[in-house]
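Asks: Each chain, written out:
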Amino acid sequence: MADKRVLVWTEVAGDAPHPLSLELLTAARELGTAEAALFCDSPSNCVDTLGQHGASTVHLCNDGVFAGFVAEPHVATLAKLVSENPPDLILFPSTFPARDVMARLAGTLQSGVIANATAVSFDGDSLIATVGYGADNEASVTLDDQPPLLVQVRRKAYAAEEVGGSAEVNEIPAVTPDSGNRVQVVETVQEETEGMNLEDASVIVSGGRGLGKPENFKLVEDLAAQLNAAVGASRAIVDAGWVPYSYQVGQTGKTVKPSVYVAAGISGAIQHVAGMGNSQHVIAINNDPEAPIFEMADLGIVGDALTILPKLTERVQSEK
Amino acid sequence: MKVLVCAKFIPDPNLPMTVDQGSKRLVRDPAQSILDPGDEFGIEAALKLVETHGGEVVSVTMGPDSADAGIRRAMAMGVERSIHITDPALEGSDALTTANVLANVVREEQPDVIICATESTDAYTGMVPGAMAGILDMPQLTFVRSIDVNGSTVKAQRDIENGYQTVTAALPVLITVTASIAEPRYPSFKGMMQAKKKPIDTRDIAAIGLSADAAGEAGARERVTDMRTVEIQKQTRLIEDDGSGDSVDEIVAYLKQVQAI
Ligand SMILES: Cc1cc2nc3c(=O)[nH]c(=O)nc-3n(C[C@H](O)[C@H](O)[C@H](O)COP(=O)(O)OP(=O)(O)OC[C@H]3O[C@@H](n4cnc5c(N)ncnc54)[C@H](O)[C@@H]3O)c2cc1C
Ligand SMILES: Nc1ncnc2c1ncn2[C@@H]1O[C@H](COP(=O)(O)O)[C@@H](O)[C@H]1O
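As given, the protein sequences belong to chains A and B, one line each in that order. Heads up, the first sequence is in the working numbering, so the first residue is 1 and it goes up one at a time. Heads up, the second sequence is in the working numbering, so the first residue is 1 and it goes up one at a time.
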């Protein structure tokens, strides 16, 4: 049923479209005609990449106002674009800025929303989505409203596909909100993370408070280095200042879905599991046999992470 | 300064969720429900602001009658008074309706700062605060980990994907806080005693000018048609490590099996 116009909201990550938006172009193509909205201050060759992933049109707004992310000018510009010629559906990736834009747009346009979708389809004009609740429940949810419908899709629900093609560009001006640009960005600080990006990694080694002290986090990093893995953390040790916030996995941190997740000294609180519960294979090392993390582990080791991690690192190295 | 803090009452996230097969909804047992732990961070942030700048912290909750238990906890932490929107007709409300209802209270209260959690611990949508900001045409500062008010401007640090951003805005603003804002205080015995006497202003939908067909399931654009528990087919293999570290063999074998080595 390729008759729906589906707009994918895109942000720029470095000098490429955010990978999660590329995933959504796959969903958009399945549902109809895929378009992209790209509001940024330096599009470099994002338009080409979006075209290669199936966007037929890129609505491009190239303006300095988008240099540091502020929701208001995004929403004002997007609201104008979609009010003039409403697409049937706007898909938003699971990123912080996308959430900000979608939520505010919903309030502005009085549109219904679905968040946390893992699949999206249409039954006539009615939209049906699968939505995850917690680690082990899911729901079927319908959304009936005037177009555009607003849906946020979880990461890795769809796979990005390069299908070839090129997009037409529809250049639009930035819209200043009626009340002006009230939020000013004073400073943006990118924290250096060593090694690999958590969200792209196929193997993640994470550590928690069970490691005892900050110096011991190195045991996690050493194992990660041998496994070519990214490094993650529980909030307990982020709050304690052992590692930067960018390492945090969970409800208020990153949502990850690697092939293998190793949790060392992590209890498995629901808020941590919210971010890693969809990992394919979970290995947990914890000295408390009752730790909730074992409920979702494929392999659980009841023991001391401080003795197991170094031995494991050594063995993995010798296996290579 | 007047700070309005949003406080949701939710099923205890540490207990397993159960789905009612008839209504296809999450079972919300009041006896097993609590003030959303995420909102405790918002309450803490609100209390700190008022401790520094003077003024009043008011909380607002949309939820069933039983949510009073959560509201009392917020009051025991230090919230002065509360507004509780409760009406059977609100059951099944979606994020937009919730945002409209809460925005209505904001219009009446005219706070300088509105604080919400970034997302609730039952729905995890994080849609309500931003939608409120859109409805009220108010600046939104989200994922905030520190707040500094100076006269009529606020300076905040907010988390971004790989770092943080410092932003400023003029009051009034809507702020969503993360769990790194400040450790929530534990209610003192005195606080709990005082909470019992603090005023809760209970309102039904008529009191906020909402008609029954715009509320709850009837007014919702988003409707749950089915809810199911996904069987996690995890067969955990649990191995005791006696201290010799022999479990390492098992881990290595497993890593090979899943092709991580
Ligand atoms: C609103 C809100 C949002 C939150 N968001 C997040 C989030 O995004 N991410 C997150 O992670 N948390 C989050 N939390 C916090 C969460 O509830 C937990 O407090 C946190 O995950 C605990 O971290 P931990 O497992 O490292 O520490 P603990 O719970 O202290 O667990 C430490 C574990 O290590 C084990 N241990 C101790 N010594 C050893 C040893 N020598 N060897 C092996 N194991 C050992 C212990 O048995 C224990 O299970 C949030 C909380 C709230 C209220
Ligand atoms: N029914 C409600 N009553 C009061 N506050 C709410 C309600 N629903 C949402 N909120 C606020 O909005 C935040 C995010 O909720 P949500 O958008 O549902 O994930 C919550 O943590 C609360 O601060």
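Hints listed in this document are in silico derivations from the structure and should not be mistaken for laboratory results. The reader is advised that the hints may include incorrect statements.
Straight line, CA to CA, 25 Å or less: simulated BS3-like cross-link-like pairs of lysine-lysine [stated by the list, open to error]:
1. 320/A <-> 190/B
2. 218/A <-> 156/A
3. 218/A <-> 256/B
Distance ranges between label pairs, derived from CB positions [claimed, not checked]:
4. 199/B <-> 215/A: 32 to 40 Å
5. 27/B <-> 126/A: 22 to 30 Å
6. 19/A <-> 217/B: 42 to 50 Å
7. 171/B <-> 14/A: 29 to 37 Å
8. 186/A <-> 191/B: 48 to 56 Å
9. 191/B <-> 169/A: 42 to 50 Å
10. 171/B <-> 67/A: 40 to 48 Å
Simulated coverage check for chain B against chain A, where a stretch passes if three residues somewhere in it have a Cβ under 8 Å from a Cβ of chain A [what the hints assert, rightly or not]:
11. 45-57
12. 61-71
13. 74-81
14. 85-92
15. 137-147
16. 166-175
17. 187-196
Just so you know, even glycine gets a beta-carbon here, dropped at the ideal spot from N, CA and C.
Asks: Take the hints in turn and mark each one as holding or not.
Replies: Quick rundown of the hints versus the structure:
no. : hint                        : result
1   : 320/A <-> 190/B             : violated, 62 Å
2   : 218/A <-> 156/A             : violated, 29 Å
3   : 218/A <-> 256/B             : holds, 23 Å
4   : 199/B <-> 215/A: 32 to 40 Å : violated, 51 Å
5   : 27/B <-> 126/A: 22 to 30 Å  : holds, 27 Å
6   : 19/A <-> 217/B: 42 to 50 Å  : violated, 37 Å
7   : 171/B <-> 14/A: 29 to 37 Å  : holds, 35 Å
8   : 186/A <-> 191/B: 48 to 56 Å : violated, 36 Å
9   : 191/B <-> 169/A: 42 to 50 Å : violated, 59 Å
10  : 171/B <-> 67/A: 40 to 48 Å  : violated, 24 Å
11  : 45-57                       : violated (count 0)
12  : 61-71                       : violated (count 0)
13  : 74-81                       : violated (count 0)
14  : 85-92                       : violated (count 0)
15  : 137-147                     : holds (count 7)
16  : 166-175                     : holds (count 5)
17  : 187-196                     : violated (count 0)
Comparing the model with each numbered hint stated earlier shows that hints 1, 2, 4, 6, 8, 9, 10, 11, 12, 13, 14, 17 do not hold.
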